[in-house]
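Colleague: Residues per chain are reported as follows:
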Amino acid sequence: MKNWKMGLITIIIIILTACGSNKYEAVAINEEVDICVICNMQVKDDAFATQLTTKDGKNYKFDDIGCMNEWKKQNGTENIGMDYVRDYNDKEWIEFDKAFYVYEKSIRTPMAYGIVSFKDKKSADTFIEEQGIGTILTAADLANHEWLQNEEMMNMDMSDEGHSHEMTDDSVQNHDMNEDSDHNE
Amino acid sequence: MKKECLQLINVKQSKAFLLGTLILIILCITIYDLDPSIAAASSSADQNSATPLQPLIDEASEGSVLFLPEGDYAGPIIVDKKITIVGKGKVNVINTKNKPAIEISANNAALKNLSISHTYQGREAGVLVKADYVILKGLTIHTEGYGIMLRDAHYNLIQNNIIRGAQVESLENVNKGNGIDLYQSNHNEIQNNQISYVMDAIYIENSQYANVESNQIGKVRYAIHCMYVNRSSVLNNVGENNVTGAMVMGVKNSTISGNTFRKQDGNVNAQGMLLFDVQDSLIENNTLEGNRVGIYIQNSSNNQINKNAVNKNFVGIQSLSSKDNVIEFNDFISNVIEAVAMESMNNKMQYNYWDSFQGIDVEGDGHSDVSYHINPFYQNLVQRNSSYQLFFQSPGLSFLSDMFTQDKNTWSRDESPSMHINNQAFIKTSESNAKSGFVFITGILLFVSAIYTILYLGVRRS
Chain A
1 MKNWKMGLIT
11 IIIIILTACG
21 SNKYEAVAIN
31 EEVDICVICN
41 MQVKDDAFAT
51 QLTTKDGKNY
61 KFDDIGCMNE
71 WKKQNGTENI
81 GMDYVRDYND
91 KEWIEFDKAF
101 YVYEKSIRTP
111 MAYGIVSFKD
121 KKSADTFIEE
131 QGIGTILTAA
141 DLANHEWLQN
151 EEMMNMDMSD
161 EGHSHEMTDD
171 SVQNHDMNED
181 SDHNE
Chain B
1 MKKECLQLIN
11 VKQSKAFLLG
21 TLILIILCIT
31 IYDLDPSIAA
41 ASSSADQNSA
51 TPLQPLIDEA
61 SEGSVLFLPE
71 GDYAGPIIVD
81 KKITIVGKGK
91 VNVINTKNKP
101 AIEISANNAA
111 LKNLSISHTY
121 QGREAGVLVK
131 ADYVILKGLT
141 IHTEGYGIML
151 RDAHYNLIQN
161 NIIRGAQVES
171 LENVNKGNGI
181 DLYQSNHNEI
191 QNNQISYVMD
201 AIYIENSQYA
211 NVESNQIGKV
221 RYAIHCMYVN
231 RSSVLNNVGE
241 NNVTGAMVMG
251 VKNSTISGNT
261 FRKQDGNVNA
271 QGMLLFDVQD
281 SLIENNTLEG
291 NRVGIYIQNS
301 SNNQINKNAV
311 NKNFVGIQSL
321 SSKDNVIEFN
331 DFISNVIEAV
341 AMESMNNKMQ
351 YNYWDSFQGI
361 DVEGDGHSDV
371 SYHINPFYQN
381 LVQRNSSYQL
391 FFQSPGLSFL
401 SDMFTQDKNT
411 WSRDESPSMH
421 INNQAFIKTS
431 ESNAKSGFVF
441 ITGILLFVSA
451 IYTILYLGVR
461 RS
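Residue numbers (this note's numbering), protein chains in the order written: chain A, 1 to 185; chain B, 1 to 462.
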């Protein structure tokens with residue numbers, strides 16, 4: 001009897017371990033709890049969401065492909081098991097390397113990187129045709145992409161002196177501002 | 001026999017008394033907890049009986065004022081000339097189509113005292129402004145999409161409006177549209193609006209010189225969400241029960257002052273204020289109370305973070321990869337973890353009040369002579385494996401934290417913490433005082449009932 005029980009437990013353990021060894025599947029987005037690892041914004045369950053799973057099984061989600069790129073810059077790509085982007089039209093998860101990308105700075109994405117992804121070249125071409133803007137990129141092209149964020153309006157007149165904004169006349173603050181540079185040595 | 005009878009009555013009476021007290025207390029608590037949110041308005045969207053509005057606008061002459069008598073009007077409409085539309089009494093503009101209920105494409109147009117029901121679920125807005133010098137005042141917008149949308153629209157005034165999405169229980173089902181949404185729009189004034197049940201109450205992207213002042217925001221995802229904003233100010237707004245009060249991202253040369261963000265604790269990622277990639281800005285006199293994280297500072301530099309009251313949060317201030325900020329005269333009171341800092345060097349942190357810190361002030365200048373160090377050990381651990389949060393404040397972890405002190409000079413630290421609370425005024429104005437009266441009365445009631453129970457129902461020595 002005891003042996004039989006032990007056998008059952010062993011089988012259960014084996015089954016559980018087998019479940020664990022699943023290879024880097026894309027994980028569903030849960031809007032309630034998922035935030036972008038880089039920028040802390042909520043990850044919406046939309047076409048801009050991306051994710052990657054590291055070789056030690058940790059999954060990271062991003063609200064914009066630009067944030068995933070930022071993560072890769074910080075952590076390198078050697079340890080990535082698989083990275084996924086989404087098809088712009090049907091939100092299907094696609095492997096990063098197999099997707100086609102369209103970039104145009106005026107395309108609005110959560111972090112304004114202006115890149116959307118497609119599962120095949122045809123749908124990417126259709127998107128460019130419909131919108132009348134954008135250039136097509138492959139995953140390899142993205143390696144040389146500049147990853148600029150569209151913030152041109154914000155910097156329209158760059159007579160920027162840094163501290164030129166509305167500060168209150170509080171003497172304490174002004175004092176701090178002057179001291180700021182000395183302090184950072 | 002008589003004595004027993006008397007005792008029985010006594011017991012009965014006191015039971016009734018206890019029950020009464022209990023009911024009273026429960027009643028008090030219920031009344032207190034009732035949310036002062038605006039009751040859902042009943043907009044009976046009967047578009048068929050509505051008067052078409054577009055012809056009235058087409059007939060109106062340039063520069064005139066169009067007074068609308070009380071009643072229902074049918075949208076969508078386009079205002080393409082400089083006119084002022086004023087509602088006399090209850091004027092309801094109803095739109096069920098996938099178009100903005102009211103689109104304004106003419107400079108100097110104005111809408112006043114209208115109610116707008118925009119019931120199409122989508123990416124269109126109750127009011128779309130594509131012009132300059134437009135005034136939107138006293139509008140009540142019920143929307144299933146966006147509330148007010150500004151596109152390449154400058155120098156507009158949005159004042160005293162009420163914007164509400166469909167009421168929902170959880171964030172997952174919240175309206176997909178934003179309350180007030182600015183894109184590439186400069187010099188806009190957004191004042192005294194009440195916004196609830198939308199995604200982001202006030203969303204500003206790629207704009208300059210926005211002034212967001214004295215708005216009241218509740219039950220939304222992010223109360224104020226700035227993306228790539230320059231030279232703007234966010235002043236005296238109040239946000240409650242949102243996921244995050246102010247989501248400030250990619251912002252330069254701006255002022256965030258006098259805002260109150262409270263009770264942002266309904267979501268695991270809730271924050272009072274998140275500063276991400278914020279440069280050269282002033283963040284002062286804000287009250288951040290009862291949030292999961294009070295202030296989260298990430299990739300931000302050269303900011304002044306002064307005189308904020310950070311109370312009753314799980315984490316008071318959290319900083320990551322942020323440099324050269326000045327963090328002074330803030331009060332950190334009753335936070336579970338006061339401060340967490342990683343990769344944050346060269347910040348000038350001093351004169352803050354940390355209520356759990358015990359300093360020594362020999363000189364008597366009100367500032368401690370010993371500095372307050374923020375140990376990053378726990379944060380490092382949790383970042384690698386979030387399950388270790390289970391060991392929060394366990395003896396083992398405290399012991400380990402104390403062991404790993406070899407790079408103490410690279411930690412963030414408050415050079416000379418304040419020995420007393422910096423901003424008394426904030427503590428007084430905060431809700432806690434109003435609440436304490438209630439607590440006092442409840443306490444008295446409980447005390448009296450306890451005395452009564454002990455004296456009259458206690459076991460008799462016989």
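Hints were generated in silico from the structure; no laboratory data involved.
For every residue, glycine included, the Cβ atom is placed at its ideal position computed from N, Cα and C.
There may be inaccurate statements among the hints.
What the hints assert, rightly or not - Label pairs and their in silico Cβ distance ranges:
#1 K130/B to L148/A: 48 to 58 Å
#2 L157/B to G76/A: 42 to 52 Å
#3 N160/B to N144/A: 45 to 55 Å
#4 K58/A to D402/B: 37 to 47 Å
#5 G396/B to T135/A: 53 to 63 Å
#6 K58/A to F392/B: 14 to 24 Å
#7 E146/A to F377/B: 56 to 66 Å
#8 N144/A to N98/B: 21 to 31 Å
#9 K97/B to D120/A: 32 to 42 Å
#10 G396/B to E104/A: 17 to 27 Å
#11 N409/B to K58/A: 29 to 39 Å
Colleague: For every hint, state whether the structure bears it out.
Modeller: Comparing the hints with the structure gives:
Checked against the given bound of 48 to 58 Å, the beta carbons of K130/B and L148/A, roughly 26 Å apart, lie outside it. L157/B and G76/A have their C-beta atoms about 50 Å apart, which keeps the hinted 42 to 52 Å range intact. A hinted range of 45 to 55 Å for the beta carbons of N160/B and N144/A is consistent with their spacing of about 51 Å. The hint said 37 to 47 Å for the Cβ distance between K58/A and D402/B, and at roughly 28 Å that hint is violated.
One distance hint, 53 to 63 Å for the beta-carbon pair G396/B and T135/A, holds here, with the actual separation near 55 Å. Our hint of 14 to 24 Å for K58/A and F392/B holds, since their Cβ atoms are close to 21 Å apart. Checked against the hint of 56 to 66 Å, the pair E146/A and F377/B fails, with Cβ atoms roughly 38 Å apart. Taking 21 to 31 Å as the suggested C-beta distance range, the pair N144/A and N98/B does not conform, at roughly 40 Å.
Take K97/B and D120/A: their Cβ atoms lie about 34 Å apart, and the range 32 to 42 Å holds. As the Cβ distance of G396/B to E104/A is approximately 53 Å, the hint placing it in 17 to 27 Å is violated. Our hint of 29 to 39 Å for N409/B and K58/A holds, since their Cβ atoms are close to 31 Å apart.
Checked against the numbered hints listed earlier, the structure breaks hints 1, 4, 7, 8 and 10; every other hint is satisfied.
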